[in-house]
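*Asks:* Just need the whole structure built from these sequences, with the hints factored in.
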Amino acid sequence: MLIGRRSARNSHTMDKSITLPPDEIFRNLENAKRFAIDIGGSLTKLAYYSTVQHKVAKVRSFDHATKEAASDKLYEISVQEEVTARLHFIKFENAYIETCLDFIKDHLVNTDTKVIKATGGGAHKFKELIERKLGLKVDKEDEMTCLIKGCNFVLRNIPHEAFVYAKHADSEFRFQTTQPDIFPYLLVNIGSGVSIVKVESEDKFERIGGSSIGGGTFWGLGALLTKTKRFDELLQLASKGQHTSVDMLVKDIYGGSYGSLGLTGDLIASSFGKSATADKEFSKEDMAKSLLHMISNDIGQLACLYAKLHNLSRVYFGGFFIRGHPVTMHTITYSINFFTKGEVQALFLRHEGYLGAIGAFLKGAEEDNPNQYSWGENYAGSSGLMSVSPDMNPMQRARSGTFDMLEMDRLERQLVNLPLLQDPSSYIPDTMDLTEDALAREYWLYCFEEALDGVVKRAVASQPDMPEAAQRAEKFRQKYRHKLQTLRQQPFAYGSLTVRSLLDTREHCLNEFNFPDPYSKIKQKENDMALKYYQKAVKSLEELSWEQRQFALVRVELMAFISCEHPERPWLVDSYDQWFERLKGPPHKCALFFVDNSGVDIILGVMPFVRELLSRGTEVVLASNSGPALNDVTNGELQILTERIAAMDPVIQAGLREDRLMLVQSGSSSPCLDLSRLDKVLAMVVRERQTDLVIIEGMGRAIHTNYYAMLSCESLKMAVIKNSWLADRLGGKLFSVVFKYEVPAGKPSQHSAALSPL
Amino acid sequence: ISVRCSAFPWFGMDIGGTLVKLVYFEPKDITAEEEQEEVENLKSIRRYLTSNTAYGKTGIRDVHLELQDLTLCGRTGNLHFIRFPTHDLPAFLQMGRNKHFSSLHTTLCATGGGAYKFESDFRTMADLQLHKLDELDCLIRGVLYIDSVVSGGPSECYYFENPTDPDRCIQKPYTLENPYPLLLVNIGSGVSILAVYSESNYKRVTGTSLGGGTFLGLCCLLTGCSTFEEALEMASQGESTRVDKLVRDIYGGDYERFGLPGWAVASSFGNMMSKEKRESVSKEDLARATLVTITNNIGSITRMCALNENIERVVFVGNFLRVNTLSMKLLAYAMDYWSKGQLKALFLQHEGYFGAVGALLELLHPS
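Residue numbers (the working numbering), protein chains in the order written: chain P, 1 to 758; chain B, 1 to 367.
Note that these hints are calculated values from the structure, not bench results.
Hints are supplied without guarantee of correctness; some may be wrong.
What the hints assert, rightly or not - Each computed DSS-like pair below joins lysine-lysine, with the alpha-carbon atoms no more than 25 Å apart: (1) K340(B) - K204(P); (2) K127(P) - K277(B); (3) K341(P) - K277(B).
All figures in this text were calculated on a predicted structure; none of them were measured in a lab.
*Replies:* Take a look at the structure:
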């Protein structure tokens, strides 16, 4: 598709025409419905709902009545088409609106949509054009209502949506963990004017104040003072200027600081105070800078006064004045710090520009009940923060023009916090923040890039009877490599960069190109193999004394991860003695076990462990992934495996029959584990069964994530570190063992010896 | 009592970012005996100050503010109010040098930032020793003193009746009998907002850099004017609604959902985002918009402070309000309208001189 500026004033802007493959921007239009549009002063945001068909790997147990004849395989794998809901949000310059509408019209096939929800100041201006081009009735929605609805939606559904901006820190963007309760908060929307809105619940919000000194003042007054027309050019001028030549500072009046009030000499006493003269010239840059400070400080001050009056500590800033502009984020942050002495932090949102469009969409989609579901950001289909900021990423701008996209998938399951988190508001799943740790980032990005060939090969091998698989795999390679390159430049693009987000992005990209489960065959083979040894393994464990068996169970569990010699104790983190002492005590009521890999791990490591717990009188809840990720065992696979083991093992069988062993899905399709986004059913089961022990195993779930997770009950984290860089980081060697048994402070325990933290 | 008082001359000085404010007590009860002993320098200074209303190119005596037959420290006389731009301070010092002011061995009580900044200039250029005083202490002392001594003539404190109705809006005297608690907003080059609970118990709540200096600074850049009077004159003839974007410009009328009237400014200078509109506005319009923007902003910050501090009376002072009825009425209106009548905006005749008066009082009654 060729998109060019239609009414360009000069040849300079004419050159901006860009070529784009249409399916890269307006994806899945054929199933699109429920359109919404938010037209701002310079950018248009379009939202629609579509369904995507994609392939999912399903496992199905063979009919065991005829099992001898069928195959020696435990279950069959079939790839099925599944339809899932997806939200698309696209941002583009108003100049492209007509071209975009034409494209949409041409590709909108089977939609029964009659209306398009519209919001934003420009909705009125383009009403006629939209109605004519799309044949849809434009239905206007209140701007503020849309904004708040959108804000609630992203805060609830997108982890790391909000961030603090720190210009001079190692990482400019410091992302906030999702709060279990997002209310109440203050939203300061800086458009041409400023609106200050207090949001108390999903439906309750109030505009408690505002100011006429806003983005329009900066732009309007700036244009008068500097003869510079464009908003971003004004910001550029400002970033180069010196405000001290225009502003009267405290030291200009006092000669130094005003000590008794604690006002430092560099503080602005009077904005533009030095320009009160007819016989001096001031540079454009200096005036723009002074204006920027004046307006940012003023807005920050008012925001603080309102926050104080209403006793609110969470203050989000949005509007075109803020949108993607590090300069204004910095000045607003500075102002808030100054006026609250650091007590309130200015928060910004990654998808701030989409709030209006998301809200308008939600207004129109109420019958689909989008708020009843959990949604997840699709890393494959979303552009990421600052994708169109010219000064941040010139490379990407050249590639995709000024288009920016956000895609969100409707998750099958509703996700909630694990009720056993000690403090949900301070829980951070990830052990290492690669956004802040440049060395670690360098290493892991390199690692994932190196591993890419292998992933591509495995993907192709997983679909031997599909000739175009190689081509798709190649597309996957390009997409994921591009994501890695983007993340190298902009580690903050999708929130905090972590090993988990790198893994999840890879899964999203694989799904995007219809490789739903590249490991399915490998997992199948390993499961079949391991099952053959189950009875033998159980028998040899049975023969051990109780004491020996407890240690053997841990050893076997850990050994499942590695093929080499098992490291001698003491391990890198070793609280086996405490665990052993605990086992001498009364049994746990219920253990929640987050499982990891297929094959040897689940069958010969986890199951004997589960068996022992059941024998002790402890109920066990086995939590496995809802969808595939690497060679992790999925809930579907585990159902079949457990059934099969039950047929061989009366303990497991009794456990299932008496409902003392239960299989639940985690709600996740990640090799890592975010305990703040778990299946609602799981949370319910955990609560009902009074779970008092959580076991987390494997690198992804116990090392990359949750290593520092604090639970309100006893917990056991077990893993072998299979990466020498990470082992080195943690002070150990390759194949070091982590066996971390923790008892929350204050809980009675026979041996709650303090563990040395890593 | 008089024994304990300083020797003449009695001055109080407030050196701000833009203006120097000087108050001078002219004793009218000088006995013949006293007159004979009085040194010539003292006489000549008195004569110079009281017989002129303008000094040099930029010094001005606000004759209409003069307080007559005032008793201070047992002496009776007139209090004079003089101002000149801070950038002309060197000329003032030169004059002090020429008139051998230092030979009087007087203590010069001074407040404002300039008391600190120019202390060494006073010493080296005029051989004068400054007694430096905190500007907020002086401000409060001055306000309370002037309000207590003014009797007869126009009331020192006043307010605007019917501020929301331009036709019926009139200035009315107000008695500041039980002044506490009080929000005191001093609008000079910048703005300080103080919560005052008693003469000695007060705190600076906040301040803003958008003050009188900003109004004049922006007006100079936007219109090419060079004085406060010029800027005000232009503002009085302009129309800010051509420059500002109003609520009705966006919503066609009131934004009812949030109770915003159509006439409210949605974006100050918002219309100036458009090239066509930039080309169609006059300098007067720009000056007016600048005045309205700065004034309304001070109003809204003040209102928030009043709410946060739970204070219902606000006194606005400072030289930004000098001959600036436009701003005073705007402030009165804003306080009344947005607080639904809860807040009262009060003004004082001696607008910008309270700091200087406070400094003078310090000379006579050291605290």
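*Asks:* Verify the proposed pairing of K341(P) with K277(B), using a straight-line Cα cut of 25 Å.
*Replies:* violated, 41 Å
*Asks:* K340(B) and K204(P): Cα distance at most 25 Å?
*Replies:* The hint holds at about 23 Å.
*Asks:* Would you mind confirming whether the straight-line C-alpha gap from K127(P) to K277(B) stays at or under 25 Å?
*Replies:* holds, 24 Å
Violated hint: 3 only; the structure is consistent with all others.
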